[in-house]
Amino acid sequence: TAGITQAPTSQILAAGRSMTLRCTQDMRHNAMYWYRQDLGLGLRLIHYSNTAGTTGKGEVPDGYSVSRANTDDFPLTLASAVPSQTSVYFCASSETSGSSTDTQYFGPGTRLTVL
Amino acid sequence: GQNIDQPTEMTATEGAIVQINCTYQTSGFNGLFWYQQHAGEAPTFLSYNVLDGLEEKGRFSSFLSRSKGYSYLLLKELQMKDSASYLCAVRDGDYKLSFGAGTTVTVRA
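One line per chain: the protein sequences are A and B, in this order. Take 853 as the starting number for the first sequence in the working numbering and just add one per residue. Take 28 as the starting number for the second sequence in the working numbering and just add one per residue.
Rather than coming from a laboratory, the hints here were simulated on the basis of the structure. Possibly wrong hints are sitting among the right ones.
Quick look at which bits of chain A chain B covers, simulated, 3 or more residues with Cβ under 8 Å [stated by the list, open to error]:
1. 893–907
2. 955–963
Derived CB-CB ranges, DEER-like [what the hints assert, rightly or not]:
3. B/R93 x A/R874: 31 to 41 Å
4. A/G908 x B/D32: 19 to 29 Å
5. B/E36 x A/E911: 23 to 33 Å
As the structure is a computational prediction, the values presented were derived from the model and not from experiment. Glycine included, each C-beta is placed from N, C-alpha and C at the ideal position.
Chain B on its own, in the form it takes in the complex (with noise of 0.2 Å):
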C-alpha cells in the first residue's frame, strides 16, 4: 500500500508564510500534486512536481526530493481565503493518485 504523511493541522498569521510538508512511500513514483480544498467544496489542483526541485506559481511554491521521499507546500503572504486543507498526492507505478489524509491550515488575522 502506499503511505503518505501530513501534518492535520497548522495555524498562521495573515501576511506570513506556511510550509506544510509531505511525506511519502510508494510503489513506484510518477509525480506529485497539491490540492487545496475549502470546506464543503471540491480539491482544486495546485501543483505539481515531478523532478526533484522547486516550482514556484505566484504565492505558492512546491518542493519535491525524489530521493527523501519528500515534498513541501510553502504559502507565502497569506491571506484570509488561503484557510483551507490542502492535500498531498503522489501518482504511483500504476497511475493511480494516492492522497493524504490533508493540512487543514487556519490563517488569523
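So that you can see chain A by itself, here it is in the shape it has in the complex (with noise of 0.2 Å):
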C-alpha cells in the first residue's frame, strides 16, 4: 500500500515564481493536512481540509493556498515563492478530523528551497 505520496521530493525555486506541492492518499481519508517543519519550530499547520470540497487555514497560512476537489488529492499552492518559504513540506491524512482517537499519518515530505 502506497499510503501517502508527494512530490516533488526536492526543489529548489527562485524567488516569485510559483510553485505546487502535489499531495496523494490512497487510504481514503476524509482529512488532509499540510505541515511545514523547521528547525527549532517543529510542525506547524498550513491549511487543512476535512474532507473533499472543504479547506480551513491553520496556523501559517500566509502565502500559501490549497484545494481539495477529490478525496485523494490534496495540492499546495505558492502563488510567489519568498525565501522564509524554504522548508520541509509534510502532508497528512486521517480518517475523520472530529475524533480524539484520530490519528494522522504522514507522507515522505518535499524539500523545498526558495533563492
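Since each chain comes alone in its own frame, lean on the hints to assemble the complex.
Shown next, in the form of C-alpha cells:
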C-alpha cells in the first residue's frame, strides 16, 4: 500500500516563482493536512481539509493556497515564493478530523529551497 | 495559541532507559500523541493517550497527566535504531494537532 505520496521530493525555486506541491493518498481518508517543518520550530499547520470540497486555514496560511477537488488529492500552491518559505513540507491524512482518537499519517515530505 | 515544551536533545547508552518529558498548555484537550521521526524521513505514529495513566507498547510507554498538562515517553532497552527525534503533539479543542519542536535522542554504543 502506497499510503501517502508527495511530489517532488525536493525542489529549488527562484523567489517570485509559483510552485505546486502535490499530495495523494490512497487510504480514502476524509481529512488531509499540510505542515511545514523548520529547525527548532517543529511542525506547523498551514492548511487543512476535513473532507473533499472544504478547506481551512491553519497556524501559518499566508502565502499558501490549497484545493480539495476529490478525496485523494490535496495540492499546496505557493503563488509567489519567498525565501522564508524554504522548509520541509509534509502532507498528512487521517480518517476523520473530529474524533479524539483520530491519528494522522504523514507523507515522505518535500524539501523546498527558495533562493 | 498553544504551548508545548520538550527538551531539545538527550543522549543515552544502548540498552539503557530514556524518558522524554512534554508539558503543554492548550485551548482544550482531545488527546496527546507521540511521533518518531528519523532524520530526513516522515514522522511515524508511536502512541496516543487521552486518559490519565500509562500506555505500554513493547519497549515504548507513554504517560499522561491531564491535570498537570504533562506527558512522558519512556524508551526502554535502547537500540541504536532508536536514535531519532521524538515529537509530542496535542490535539486541542478544535481537534487540531499542535506539535512541540521535538527531542533529538542520540543512542551511543
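Hint check results:
no.: 1; hint: 893–907; verdict: holds (count 6)
no.: 2; hint: 955–963; verdict: holds (count 7)
no.: 3; hint: B/R93 x A/R874: 31 to 41 Å; verdict: holds, 39 Å
no.: 4; hint: A/G908 x B/D32: 19 to 29 Å; verdict: holds, 26 Å
no.: 5; hint: B/E36 x A/E911: 23 to 33 Å; verdict: holds, 25 Å
In this structure, none of the earlier numbered hints is contradicted; all agree with it.
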